[in-house]
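When you get a sec, could you build the whole thing from the sequences and use the hints?
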Amino acid sequence: MFPFVPRKVTTKSLNAKATSAVTQQTKATPHHLLAPDVQEPTRTRTDKGKAKETSSGPSDEDYAGLLSLSLSDYTLWSDPDLRRTIECTEEQSPPESTLLKSIRTYLSDRLEVRVLMSSPSRSTWYGKQLSPFKNVGGYEVRLKNWEDTLRRVGNSTRSEWESRTVYMENIPTQFRSIPGIRRFALALFGASDSSPTEERVQHIVLPPHHQDKPEDQPKCKGFALVTCAQQADADYILQEWPWRRQRSATMEDIKADWSSEAHDAVKFGFHAMRKSEWEELNAEYLSYRQKLLDDVAGEEIEQSISVHENSIHIPETPPPKREIAPIPVIMDLDLSAPYPQNCLVYVRNVHTETNKTTLRKLFTHAFGGNNVQNQNESIDYVDFNKGMDTCYLRLAAPHHTTVLVSHFSNNATSQTQGLDGTGSPPAAGSKTITMEVVSGEREELYWGKVPEKVRRQAVEKAFAGGKPGGSIESEGKRKMDGGKAEGPRRKRRRG
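Here the sequence shown is numbered in this note's numbering, starting from 765 and rising by one per residue.
Please keep in mind that the hints were generated in silico from the structure rather than gathered at the bench.
A few of these clues could be false.
Unchecked claim - Each computed DSSO-like pair below joins lysine-lysine, with the alpha-carbon atoms no more than 30 Å apart:
1. Lys1125 / Lys977
2. Lys1120 / Lys1055
3. Lys1120 / Lys1031
4. Lys1217 / Lys1195
5. Lys977 / Lys1039
6. Lys1150 / Lys1195
7. Lys1125 / Lys1195
8. Lys1120 / Lys1150
9. Lys1055 / Lys1031
10. Lys983 / Lys1031
11. Lys1120 / Lys1217
12. Lys1125 / Lys1213
Written as structure tokens, this is what we have:
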């Protein structure tokens, strides 16, 4: 769009101002044309070092195809006021001279063009808030047979357009654009006298990918929905390129007189189906995809559960109440053992809203005494996950296991709330905390999930705690210093 300025009437200075005004109006004027992405011309160097400019933009035939789709019967039927316009940036807007050339070359039998002259700029009198479309010139395009077109559009129904819509898949790579799909479809239709060639493709839709965002511009990924003007063209595509087409050499030999587009279709495995069938398959696919996502989400939730609940703990009936026999202290425990034996206790019926600190405080009551440090050292680690009613306790030595299990077997205790660190006799409806010493295969499986460094430290603590008069710190220190566990203890010098 540009205002008309007689060059020979204006002076040189006025002409320069008018040129500046034209540039500003061109930038402010949005183009209402569905134009393809126009790539910037690239410069390539020849062997002699000279820069050569090559253009990779759409051709005049592509622009003509876009204009034909913008003024098709389907577009007028679906949007009588042509309100669905796409405003492009200046870099994406094609020159008006290029559009005029494409119309005169390819659409002269359907469209007529006339030039609109603009009046002088009115911004001086009325300001810049007026719409630029009222003050600029350019070209006016309309259908030659617009009366017949309106009559056809008025008699069209949605069911008719739906029956003429075909889903195409495996479109050759060189045709994966709106104008390219149009040219590809027209080439497959072949010659026909029932409708002009420019009207045979009425509408093209690029179905979005499930990962596309709503604001993303659709891009062709090898499939599209194409609406034909005549039912015969849609039936021809479905007959010649069925969805379950048999790809064989004999078929290619029979169709040897096909065009290059048809041979490309065979090469890429092009096939088509009705839109109604595609919608059924698409709904089935979305349902199946959602089922897979739900299954994956369920597996992730199961994997997030605690290791000891997911793979170690085997559901079984609660064991009958019995007297716990004292566990003998293993005096011949070897420091090379893979894990400390008889130092693991499985606890049930703790409060689901409790935490590790509260559980440690609750269970250390079993060791009595006033030495809080010794009480805390008796329980090496509390393996508890929030929201569970079970946990594992790692004891520092086997004799601590005996004391802990015996205490809670003889004194029924329950947690009234999550931060209950003292415990109380179980009331009506509450569950009693029960304990079980884990041994055998279950014990080996549990420690197999624990890092090796932690297992080594647990073995050293059990080795030191199992000796009479031994301490965890002294034995662990001698182990780290490379000293021997036997013999008199070395005195550390202070100062």
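Hints versus structure:
1. Lys1125 / Lys977: 52 Å, violated
2. Lys1120 / Lys1055: 38 Å, violated
3. Lys1120 / Lys1031: Given that 30 Å is the threshold and the Cα spacing comes to 66 Å, the pair is violated.
4. Lys1217 / Lys1195: 36 Å, violated
5. Lys977 / Lys1039: 23 Å, holds
6. Lys1150 / Lys1195: Since the Cα atoms of Lys1150 and Lys1195 sit roughly 18 Å apart, the hinted pair holds (cutoff 30 Å).
7. Lys1125 / Lys1195: It holds: about 19 Å lies between the C-alpha atoms, which stays within 30 Å.
8. Lys1120 / Lys1150: 9 Å, holds
9. Lys1055 / Lys1031: 34 Å, violated
10. Lys983 / Lys1031: Holds. Lys983 to Lys1031 sits at ~22 Å (cutoff 30 Å).
11. Lys1120 / Lys1217: With a Cα-Cα distance of about 21 Å, the restraint between Lys1120 and Lys1217 holds, given a limit of 30 Å.
12. Lys1125 / Lys1213: Judged against 30 Å, a Cα distance of about 26 Å means the pair holds.
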